[in-house]
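Start from the sequences, fold in the hints, and give me the full structure.
So the sequences go chain by chain: A and E. At the far end of the first sequence sits residue 381, using the numbering used here, and the numbering has no gaps. At the far end of the second sequence sits residue 584, using the numbering used here, and the numbering has no gaps.
Be aware that one or more of the hints could be misleading.
In silico negatives: residues of chain A with every beta carbon more than 10 Å from chain E [what the hints assert, rightly or not]:
#: 1; residue: I4
#: 2; residue: L34
#: 3; residue: K39
#: 4; residue: V96
#: 5; residue: V100
#: 6; residue: K115
#: 7; residue: T119
#: 8; residue: W163
#: 9; residue: R211
#: 10; residue: P242
#: 11; residue: E260
In silico EDC-like cross-links for lysine to aspartate or glutamate, where the CA-CA straight-line distance does not exceed 20 Å [unchecked claim]:
#: 12; chain 1: E; residue 1: K186; chain 2: A; residue 2: E371
#: 13; chain 1: A; residue 1: K149; chain 2: A; residue 2: D323
#: 14; chain 1: A; residue 1: K149; chain 2: E; residue 2: E64
#: 15; chain 1: E; residue 1: K447; chain 2: A; residue 2: D154
FYI, nobody ran anything at the bench for these hints, they're computed from the structure. Predicted model only: the values in this text are computed from it and were never measured. Ideal Cβ placement from N, Cα and C applies to all residues, glycine included.
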Amino acid sequence: MYIFLQQYWWLVVSLLGAILVFLLFVQGGNSLLFCLGKTEEHRKMMVNSTGRKWEFTFTTLVTFGGAFFASFPLFYSTSFGGAYWLWMIILFSFVLQAVSYEFQSKAGNLLGRKTYQTFLVVNGVVGPLLLGGAVATFFTGSDFYINKGNMADTIMPVISHWGNGWHGLDALTNIWNVILGLAVFFLARVLGALYFINNIADKELTDKCRRAVRNNTIMFLVFFLSFVIRTLVSDGFAVNPDTQEIYMQSFKYFANFIEMPIVLVLFLIGVALVLFGIGKTLLKKTFDKGIWFTGIGTVLTVLSLLLVAGYNNTAYYPSYTDLQSSLTLANSCSSEFTLKTMAYVSILVPFVIAYIFYAWRSIDRHKITEKEMDEGGHSY
Amino acid sequence: MIESIDTSLIDWSRAQFAMTAMYHWIFVPLTLGLAVVMGIMETLYYKTGKEFWKKTAMFWMKLFGINFAIGVATGLILEFEFGTNWSNYSWFVGDIFGAPLAIEGILAFFMEATFIAVMFFGWGKVSKRFHLASTWLTGLGATISAWWILVANAWMQHPVGMEFNPDTVRNEMVDFWAVATSPVAVNKFFHTVLSGWVLGAIFVVGISCWYLLKKRNHEFALASIKIGAIFGLVASLLSAWTGDGSGYQIAQTQPMKLAAVEGLYEGGTNVGLVGIGMLNPEKKTYDDGKDPFLFCIEIPSMLSFLAERDVDGYVPGIANIIEGGYEMKDGTKALSAAEKIERGKTAIGALAAYRAAKSAGHEEDAQVAYKVLQENIPYFGYGYIKDVNQLVPNVPLNFYAFRIMVILGGYFILFFIVVLFFIYKKDLSKMRWMHWIALLTIPLGYIAGQAGWVVAECGRQPWAIRDMLPTSVAISKLDVSSVQITFFIFLFLFTVMLIAGAGIMVKAIKKGPETGNNVTINH
Chain A
2 MYIFLQQYWW LVVSLLGAIL VFLLFVQGGN SLLFCLGKTE EHRKMMVNST GRKWEFTFTT
62 LVTFGGAFFA SFPLFYSTSF GGAYWLWMII LFSFVLQAVS YEFQSKAGNL LGRKTYQTFL
122 VVNGVVGPLL LGGAVATFFT GSDFYINKGN MADTIMPVIS HWGNGWHGLD ALTNIWNVIL
182 GLAVFFLARV LGALYFINNI ADKELTDKCR RAVRNNTIMF LVFFLSFVIR TLVSDGFAVN
242 PDTQEIYMQS FKYFANFIEM PIVLVLFLIG VALVLFGIGK TLLKKTFDKG IWFTGIGTVL
302 TVLSLLLVAG YNNTAYYPSY TDLQSSLTLA NSCSSEFTLK TMAYVSILVP FVIAYIFYAW
362 RSIDRHKITE KEMDEGGHSY
Chain E
62 MIESIDTSLI DWSRAQFAMT AMYHWIFVPL TLGLAVVMGI METLYYKTGK EFWKKTAMFW
122 MKLFGINFAI GVATGLILEF EFGTNWSNYS WFVGDIFGAP LAIEGILAFF MEATFIAVMF
182 FGWGKVSKRF HLASTWLTGL GATISAWWIL VANAWMQHPV GMEFNPDTVR NEMVDFWAVA
242 TSPVAVNKFF HTVLSGWVLG AIFVVGISCW YLLKKRNHEF ALASIKIGAI FGLVASLLSA
302 WTGDGSGYQI AQTQPMKLAA VEGLYEGGTN VGLVGIGMLN PEKKTYDDGK DPFLFCIEIP
362 SMLSFLAERD VDGYVPGIAN IIEGGYEMKD GTKALSAAEK IERGKTAIGA LAAYRAAKSA
422 GHEEDAQVAY KVLQENIPYF GYGYIKDVNQ LVPNVPLNFY AFRIMVILGG YFILFFIVVL
482 FFIYKKDLSK MRWMHWIALL TIPLGYIAGQ AGWVVAECGR QPWAIRDMLP TSVAISKLDV
542 SSVQITFFIF LFLFTVMLIA GAGIMVKAIK KGPETGNNVT INH
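In structure tokens form, the structure reads like this:
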């Protein structure tokens, strides 16, 4: 039962992470603000378009953090406390974003519209890039060691120690972390452009979005495929289920796909949907539903990658400094009681998704138009 | 070389968290209060169909939105700071503490974030009924969110429903409902949310009085004042009542906090409550023989009555708690702090022995150590305390912060009564002095809330979790300079946000609601 709950919670956390990557279309869209929005009207429509969704991305980030904390507290402790600067920079950028929508068009905002729009672009670039880089460390490893027994040492009771003074910025010295970061960044831009095509009724702007989809897709594919191929052929961090000992295994992640065919199928369907959404948008000029296909495809692809990182006796947050300090589902999770209690709470999630969907539909029935921006309702 | 924790790291980590929390508490209480006010106003619009109420509600919504954005930003940082700066804490109690945070995200925050979008963008797109529901659900989401956060905070003040597991070296939840419905959490929730309502009401009355002062938007201002003052009076009376409950609970669960708040060094029966007093700055330790007060005026036996519901009730002072020996309610003798520290050390030693025996495969030795650990576990945290004086919170800070909160709380009740009297029995619109008082009461609303949190959090020191984990042991192992840099970055960001937010609010208030000018309300 305990093992099942651990697996269940890894699935929930992975699903939240996957949905978060999809919702980074808000960030991706914002990163295109100055590339595509050459006029103030266009930028205003773009900001108002992502501005109606930013709370979902933000809330998912908060919930992802909360769920990770509740289900795998040792990750929360080790990664956030250790890779301090990596997470702090991500947080700074999200702080900037949180106020930028509400503030940018209002009188008395101190810094002026352009500054707040720049903040949105900063978050649009830094957020996906560093979140992608952080997720890449699930496959490439980090520099930390853990000794829970330190609690019995009254002089130095801290259990998690980071191995270097860079505190997380060291992740960016590994090219593969940067590559996944770039892949997520370009994916977010593709999703952002697809979302604009779906959400804004302005031919000039959506034409530009289609070109952005094409260009960013090329970049995305280069980085994404590089990372996936490298991951499939590289050694992985495996766990001996009997002794809980962690060891390096050749082609571990490739083996995980083969040994978990459902995950492989999810991955393949995900990638196919991503490409279908993009392809049909590029080929058919009137098609504006690409975001749904590519979005769902993104969720499935990221979900399957995260499942590969944690399932099938794999250490999901490995330490290359001290292999045995690596975090596995079993050694980092909450107690059986807590996981079970939280599992009951998670039953409410479909209900939450249902009302989000309902609310979303109710305000998105009509596309954003230039005329609407001038009508004087609540706009950014 | 033996590595130890740098005390300035502890101070800077605390400073960063305190700063984030204090900024968070500038914006959140106003959103809790305004949520109800705008809900009432939109309900009036729904019932009467008058455009006036829609415009009135929309005006307060605009101010709500500005505060919401900064509240969200600071809230995100608080959540993640548990990991970034309090990593030992996150493991040691994450099994219990993480759950309310996750539930907050799933149940409350999504509700708030979803329906706020409908509230702002749904005018004319969704039905009036659905829009009204969305406005109330936004407020409900914020309030449920507060519930789970305060459950988490209450658990730090009064940990319940957990057991220590030496194999995982952490505390684990064994009773969810004990955590989620702990009486401390229930009281804390009502007291905190009500304080937010009081601030919302003060804000509405104060801003409306500004319009009266400027002789504009009369109808809007008087209507808002009526709703704000009635709401504020109810909230401030209930806030006083829950404040009394809070005091009683502190006496039962955190006697040291109560003693610090009262500057009470030598306790006893029939203890008086210090009404007005000035602490003696020369007093440094509990046993230096110096008088704690330069002067004070006491209400006889009042503290005993408030703390124990009995004028003859025994209330221990700081010296009594440190020296022990007094009879507790269950008939046992209170341990001295030195004995608690010894027992804590025994517990920590037993934990080390248990783990050593386990890893060597000596099951019998492990069981012996486990038994010793279990016997001493209530004092585990004391094992990290080096000196009994560390167990005393900052007395002046708590003493004065508490008085600021209580005196202002009393003033707010009076304020709302006076406002209601003037608006119903006299012509408030002509009383310029009262408009000024109302306007100047706004900052006092903020000060009272901040002072309350100072008492709650600083009064808990040296504990992150009472008796279980001192703040000094809860931290992440970082360079002090890293925390200093992030402290100043956050300080800069939050301050810029505060100035920008305030600037936008001032402009929005000056522009005013679109309800028409200089229309006198008919009584």
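Verification of the supplied hints:
| no. | hint | in the structure |
| --- | --- | --- |
| 1 | I4 | holds, 16 Å |
| 2 | L34 | holds, 18 Å |
| 3 | K39 | holds, 26 Å |
| 4 | V96 | violated, 5 Å |
| 5 | V100 | violated, 5 Å |
| 6 | K115 | holds, 14 Å |
| 7 | T119 | holds, 14 Å |
| 8 | W163 | violated, 7 Å |
| 9 | R211 | holds, 26 Å |
| 10 | P242 | holds, 18 Å |
| 11 | E260 | holds, 29 Å |
| 12 | E/K186 <-> A/E371 | holds, 17 Å |
| 13 | A/K149 <-> A/D323 | holds, 14 Å |
| 14 | A/K149 <-> E/E64 | holds, 17 Å |
| 15 | E/K447 <-> A/D154 | holds, 13 Å |
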